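Visitor: Let's have the full structure, built from the sequences with the hints guiding it.
These protein sequence lines map, in sequence, to chains A and B.
Heads up: the first sequence at position 342 corresponds to 342 in this note's numbering, and the numbers run straight through without jumps.
Heads up: the second sequence at position 382 corresponds to 382 in this note's numbering, and the numbers run straight through without jumps.
In case anyone wonders, no lab produced these hints; they're calculated from the structure.
Just so it is clear, the structure is predicted and the values come from calculations on it, not from any experiment.
Misleading hints may appear alongside valid ones.
Simulated restraints on C-beta separations [as the list claims (entries may be wrong)]: (1) B/V200 x A/L341: 58 to 64 Å; (2) B/E351 x A/R458: 48 to 54 Å; (3) A/L359 x B/A121: 52 to 58 Å; (4) B/G313 x A/A153: 19 to 25 Å; (5) A/G355 x B/H229: 33 to 39 Å; (6) B/G313 x A/L202: 22 to 28 Å; (7) A/A334 x B/D192: 53 to 59 Å; (8) A/L349 x B/E233: 27 to 33 Å; (9) A/S25 x B/V311: 43 to 49 Å.
Don't be surprised by glycine CBs; every beta carbon is placed ideally from N, CA and C.
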Amino acid sequence: MRASTLLAFLLASVFGVFAASFAASDPDLFWHLASGDRMIDDGRLLDRDVFSFTRAGSPYSVGQWLGQIVLALAFRALGWTGIDLLRGVLVGIAVFFLARAVLRVQPHPGWAIAPILAAILVTRPFWSDRPQLFTLALFPVFLDTLLASRADAGARRLAVLPVLVALWANLHGAFVLGIALIAVFAIESQLVRGALRRPLVLTLIASIGAGLLNPALGGAYVSAGTYASGPARFIVEERPPDLLSAFGLIFLALFGAALGLAFVRRDASRDLLWVGLIVPFTLLGLTVQRQLPYAAFVIAPFVALRAREVVTRGPVARVAPRVGAVLVAALVLAAVALAALVAPRGPDLAAYPVGSERLLTGAHTLGEYDWGGYLIRFAPGTPTFIDGRARAGVLFVPDVLADFDDAVSLRPRYAQILERWDIRQVLLRPERPLAVALREMGWAVRGEVAGRWVLLSR
Amino acid sequence: MTAARTIGILIGAAFGAVSARFAVRDSDVFWHLATGRDILASGPRQADHFSWTASGTPLSVDQWMGQVAWYAAYRVDEWRGIVALRSLAVFALVALIAGEAIARRPSRPIVGVIAALPAIAITRFVWVERPELFGFVCFAALLPLLRRAREGSDRALVAAVGLLILWTNLHGSFALGVALAVLVAIEGALRDPSRRRGYVALALGALVAALATPAGVGTLIAPGSHLLHPPREILEWSVPDPLSVPGAIWALTLAAVFATALVAPRPRPTDALVLVPVALLSMTAARHMPLLCIAAAPYLADRAPEAIAAVLGRTMSASPSARSLPRAAGLVSAVISATLLAGSTLTAPGEPDLGGYPVATLMALPKGPGLLNSYDWGGWLIWYAPDTPVFVDGRLTPYVPLVLDDYRAIVGLHPDWGTVLRRRGVRWLLVRPTDAIAVRARDLGWNVRSAGDGFVLIDAPNPN
Numbered sequence: 001m002r003a004s005t006l007l008a009f010l011l012a013s014v015f016g017v018f019a020a021s022f023a024a025s026d027p028d029l030f031w032h033l034a035s036g037d038r039m040i041d042d043g044r045l046l047d048r049d050v051f052s053f054t055r056a057g058s059p060y061s062v063g064q065w066l067g068q069i070v071l072a073l074a075f076r077a078l079g080w081t082g083i084d085l086l087r088g089v090l091v092g093i094a095v096f097f098l099a100r101a102v103l104r105v106q107p108h109p110g111w112a113i114a115p116i117l118a119a120i121l122v123t124r125p126f127w128s129d130r131p132q133l134f135t136l137a138l139f140p141v142f143l144d145t146l147l148a149s150r151a152d153a154g155a156r157r158l159a160v161l162p163v164l165v166a167l168w169a170n171l172h173g174a175f176v177l178g179i180a181l182i183a184v185f186a187i188e189s190q191l192v193r194g195a196l197r198r199p200l201v202l203t204l205i206a207s208i209g210a211g212l213l214n215p216a217l218g219g220a221y222v223s224a225g226t227y228a229s230g231p232a233r234f235i236v237e238e239r240p241p242d243l244l245s246a247f248g249l250i251f252l253a254l255f256g257a258a259l260g261l262a263f264v265r266r267d268a269s270r271d272l273l274w275v276g277l278i279v280p281f282t283l284l285g286l287t288v289q290r291q292l293p294y295a296a297f298v299i300a301p302f303v304a305l306r307a308r309e310v311v312t313r314g315p316v317a318r319v320a321p322r323v324g325a326v327l328v329a330a331l332v333l334a335a336v337a338l339a340a341l342v343a344p345r346g347p348d349l350a351a352y353p354v355g356s357e358r359l360l361t362g363a364h365t366l367g368e369y370d371w372g373g374y375l376i377r378f379a380p381g382t383p384t385f386i387d388g389r390a391r392a393g394v395l396f397v398p399d400v401l402a403d404f405d406d407a408v409s410l411r412p413r414y415a416q417i418l419e420r421w422d423i424r425q426v427l428l429r430p431e432r433p434l435a436v437a438l439r440e441m442g443w444a445v446r447g448e449v450a451g452r453w454v455l456l457s458r
Numbered sequence: 001m002t003a004a005r006t007i008g009i010l011i012g013a014a015f016g017a018v019s020a021r022f023a024v025r026d027s028d029v030f031w032h033l034a035t036g037r038d039i040l041a042s043g044p045r046q047a048d049h050f051s052w053t054a055s056g057t058p059l060s061v062d063q064w065m066g067q068v069a070w071y072a073a074y075r076v077d078e079w080r081g082i083v084a085l086r087s088l089a090v091f092a093l094v095a096l097i098a099g100e101a102i103a104r105r106p107s108r109p110i111v112g113v114i115a116a117l118p119a120i121a122i123t124r125f126v127w128v129e130r131p132e133l134f135g136f137v138c139f140a141a142l143l144p145l146l147r148r149a150r151e152g153s154d155r156a157l158v159a160a161v162g163l164l165i166l167w168t169n170l171h172g173s174f175a176l177g178v179a180l181a182v183l184v185a186i187e188g189a190l191r192d193p194s195r196r197r198g199y200v201a202l203a204l205g206a207l208v209a210a211l212a213t214p215a216g217v218g219t220l221i222a223p224g225s226h227l228l229h230p231p232r233e234i235l236e237w238s239v240p241d242p243l244s245v246p247g248a249i250w251a252l253t254l255a256a257v258f259a260t261a262l263v264a265p266r267p268r269p270t271d272a273l274v275l276v277p278v279a280l281l282s283m284t285a286a287r288h289m290p291l292l293c294i295a296a297a298p299y300l301a302d303r304a305p306e307a308i309a310a311v312l313g314r315t316m317s318a319s320p321s322a323r324s325l326p327r328a329a330g331l332v333s334a335v336i337s338a339t340l341l342a343g344s345t346l347t348a349p350g351e352p353d354l355g356g357y358p359v360a361t362l363m364a365l366p367k368g369p370g371l372l373n374s375y376d377w378g379g380w381l382i383w384y385a386p387d388t389p390v391f392v393d394g395r396l397t398p399y400v401p402l403v404l405d406d407y408r409a410i411v412g413l414h415p416d417w418g419t420v421l422r423r424r425g426v427r428w429l430l431v432r433p434t435d436a437i438a439v440r441a442r443d444l445g446w447n448v449r450s451a452g453d454g455f456v457l458i459d460a461p462n463p464n
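Guide: Spelled out as structure tokens, the structure:
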């Protein structure tokens, strides 16, 4: 066993435990859990809205059904700790394969560690408990597999990719990223007449076919295309990244290193691959911040590769297989035990209107967008006005979202919107203009936590 | 005159003439003009007297010369004078971009023109009547000077320092020029010890230039603050969005630079000296995006054809040196350019485009302090309603944080809006009908003094 593989295990264990130490708090987790629960209980896919009163019965995407069921099963098995452990495992997988991909091109840990850590830190804001975590884990798996195949011209391991695409297509809608990775390697192989020309093309075709093996069939590709062409800018994580934020600065440094090292090119024939990987994924990441980790994943090995040209590649230390196996087993066991120990026993609900669920009457309620998932989980008797399932052309977009925005911002037609949807109560942040106005207009304050939430009723 | 310079001048004149077709419409032009007028009257040390909320606050004068230049243009021929100056600045900007790109591949000017197109296209979004436009011109002028300085020209070293002194007084973006000059000086001193003295002089001159302004050290505060903490709520300071038109041009340029650097044969690490810092800066705010396109144009003209040839498996012959044109050709191009610019300016719109402003309310506007105005209309009020001091305007810095927080509290109907309204002594509201405060004021039955398309002027009952 190579020492670099051991290092990858070590990094995966450390960051897996670190990821598991955070309490669940993502606003979308709650409706994903509720969806998974509903599917397990009913024994059928959830393809119609059952949680809101504004879009009740409307059809919507089932692209993440398996991811939601996995989340629900983790919760049923171990409660909130199950969610934390699942997060730790998926982040651990992502870190392990990222580290392996980087150490594959730069085995010297001293030079590989900086880009690895930078890429991991760029992913930190996206360790949210949603099916997208499966994408975060699977993308580096694909990258490492493809780099390994290219390095040793081994076609056999490519066979696993279409199988993983079939799985990924049911876990999360971003499975197209994996196919895009294969496409880049396939095109580059054609251009440089690489040894894996035919296997890569076959893998690509098989993967595209495998992507159809989900309940939405070709609709999954249409959904991905719609998403890429018009991200929902009203969702913060679908806006372009602020590269002066903490994680943005780390990405900026990583990209700056890549750009600087690009000017000291050594081997043009090998560099077409990096053009194909870095340019499209960076543009994607600069367009939609939630895609930034994938740009970091493909940039990190490049930076490490170029660092190798600055520093002579040293011999890779090897560890006896038995010793390596024992070390890996010990690492994994220690990581799981430690993760279970440090995992919080409950979610972090500081951002939610805790306590309001006891006061809600089930009447039509205009609630905050970010609190929709919370209400679905904790106040199932009160259907939502809007929640995190909003996507371009799906469920609440554009009309319900526009009504929500106009009403809470106290735009001129707010009163008509309240009448149109027969709103009897509002559950909002106290600083919302609508909350301020309705309070002044005499709506009854049924509950309130200063600075956090207020529940008003007619 | 070289062919590159001649073609660059002609292209610049064409775009300068096109820019003259657009009426003045930038929301900040008005307060820049008013400031320029005040500086001419009483010198560059200024305290605010346009607002009633920050009156007396010392003002940054880091763009004093730019403001005076715009006001001087206004004095010459009012709004047409502004258009003429903008047209000249666009001419200079485009001519510099195109000329430098063509000069890098003089045997095929079309390559330089194509490489310059993204930069020229994206500058459309900075054809503004503000000192910022001069900043872009200075940046485009500095790049060839630094290149020539690296190639051995001592005159370029001196000219670069002179340009930086001018830039420091025109606009706050000079800090980028200083940083690039110091970088080039350090690299040059290490690479060519025989010219070390010249490079040291360039570095020192650049640093001294940064202080050669009435604002002194204070001139570094605004650029530094905006660089690290850009006011994201202002569109031009928002993050670059590749799905916008300028963002797409920028993103494609960034992609082209990266791909070219990786693929083009004969790597030249010194190309990174300017391109890497400018690329990173351009990724931090939308207003910096044109900088990368401008810096990348000569690089792409020089290296992109080689990169494309490398991908296609071909080799390219070395580019022959610059061709000189007969003196007559230069004269003809100068005459054509001057005619184009003069003709377009003479027929330029003589009035600003005030479509976005509450012009119809001007007569109903009360005099004296007490008006809370929409942020975007502050500059317009400063110029057109000098007897009505503003609550806030596009100068931003005098209002951060207290006045701006209070402005947001009232306009956004925060829970304490009534308290803030009374504490500030607001007597009238000039806001958009869709603002929460306007909706609430109508609900409360406050007197609407004047209303029109996109504005409403409301009396705010105030016990004070």
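Visitor: Now, for every hint given, state plainly whether the structure supports it.
Guide: Cross-check of the supplied hints:
Restraint check, B/V200 to A/L341: a C-beta distance of roughly 60 Å satisfies the suggested window 58 to 64 Å. Range check, B/E351 to A/R458: about 52 Å between beta-carbon atoms, so the 48 to 54 Å window is met. Restraint check, A/L359 to B/A121: a C-beta distance of roughly 57 Å satisfies the suggested window 52 to 58 Å. In this structure, B/G313 and A/A153 meet the distance hint of 19 to 25 Å, their C-beta atoms being roughly 22 Å apart.
Separation of A/G355 from B/H229 is about 36 Å and conforms to the stated range, judged on CB atoms against 33 to 39 Å. The supplied range of 22 to 28 Å is met by B/G313 and A/L202, whose beta-carbon atoms lie about 26 Å from each other. Under the hint 53 to 59 Å, the C-beta atoms of A/A334 and B/D192, about 57 Å apart, fit the expected range. At about 30 Å, the beta-carbon gap between A/L349 and B/E233 stays in the expected band of 27 to 33 Å.
In this structure the hint that A/S25 and B/V311 lie 43 to 49 Å apart at CB holds, the actual value being about 47 Å.
Hint check: no violations occur; every hint is consistent with the structure.
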